[in-house]
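Q: Based on the sequences and whatever the hints tell you, model everything.
Numbering follows the numbering used here, in which position 184 of the sequence shown is assigned residue number 215; successive positions increment by one, without gaps.
Please note that the accuracy of each hint is not assured.
[Stated by the list, open to error] Label pairs and their calculated CB-CB ranges:
1) A68 <-> G140: 34 to 42 angstroms
2) G56 <-> A214: 27 to 35 angstroms
3) K233 <-> R54: 45 to 53 angstroms
4) E165 <-> A107: 14 to 22 angstroms
5) A204 <-> L87: 19 to 27 angstroms
The set of hints was computed from the structure by calculation and includes no laboratory data. Ideal Cβ positions, reconstructed from N, Cα and C, are used throughout, including at glycine.
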Amino acid sequence: MFDARIRPLIDPALNAQGRVIARWGISANQVTLLGLALGLLSAALIALGMFGWALLPLLLSRLADGLDGAVARASAPTGFGGYLDITCDFLFYGAVPLAFVLANPGANGAAGAFLLMSFYVNGASFLGYSVLAERHQMSSTARGVKTLYFTGGLLEGAETIGFFVALCLFPGAFALMAWVFGALCFVTAASRVLLAYRVFSKKR
Numbered sequence: 032m033f034d035a036r037i038r039p040l041i042d043p044a045l046n047a048q049g050r051v052i053a054r055w056g057i058s059a060n061q062v063t064l065l066g067l068a069l070g071l072l073s074a075a076l077i078a079l080g081m082f083g084w085a086l087l088p089l090l091l092s093r094l095a096d097g098l099d100g101a102v103a104r105a106s107a108p109t110g111f112g113g114y115l116d117i118t119c120d121f122l123f124y125g126a127v128p129l130a131f132v133l134a135n136p137g138a139n140g141a142a143g144a145f146l147l148m149s150f151y152v153n154g155a156s157f158l159g160y161s162v163l164a165e166r167h168q169m170s171s172t173a174r175g176v177k178t179l180y181f182t183g184g185l186l187e188g189a190e191t192i193g194f195f196v197a198l199c200l201f202p203g204a205f206a207l208m209a210w211v212f213g214a215l216c217f218v219t220a221a222s223r224v225l226l227a228y229r230v231f232s233k234k235r
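A: Here it is as structure tokens:
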């Protein structure tokens, strides 16, 4: 919901840093993998019950996720780079809820499973729309220059990062927050399906 509004504010700084990193000879894919490593470190700390300590690598991983595209734009963007980025993102987004379940299976198991299912459905609606958009040569830069077509929704990257931060700050409320956020993910997926129906139902 907020991604399109945030991009014009953060892109100039990210692009400037991306040019510096590219001059150092660091590739966009290396930044992507560093972001994944930091995200998985955060998840491991959450699973061990070290919720406060998990915040720093979590935020650094999302910074790397923003920088990899900037580095790619400053050097040589590739289709594989975009593919690697979205795959690592999905791994990170699944690892954090799993970590909270592992930290307290009894209290968090059902809510965590519901949250992961909602991520699965929401991700499928996002990727399916992207495939159709590519097929029909649609493009958008509202959420920055992307390899894939990004559709808007009630919950996007900024909201998910904020949600993960809130979970680390208030881990005892995981179950309640997971049920609510998961329900909103289903709303986001349903709205995207309706949008796809309006846009593509008469196209081959």
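Q: Take the hints in turn and mark each one as holding or not.
A: For each hint, the structure was consulted:
1. Taking the beta carbon of each, A68 and G140 are about 27 angstroms apart, not inside 34 to 42 angstroms as hinted.
2. A C-beta distance of roughly 46 angstroms is found between G56 and A214, which places it outside the suggested range of 27 to 35 angstroms.
3. Checked against the hint of 45 to 53 angstroms, the C-beta distance between K233 and R54 comes to roughly 48 angstroms, which is consistent with it.
4. One distance hint, 14 to 22 angstroms for the beta-carbon pair E165 and A107, holds here, with the actual separation near 20 angstroms.
5. Evaluation of the 19 to 27 angstroms hint for A204 and L87 yields a pass: the beta carbon distance comes to about 21 angstroms.
Checked against the numbered hints above, the structure violates hints 1, 2; every other hint is satisfied.
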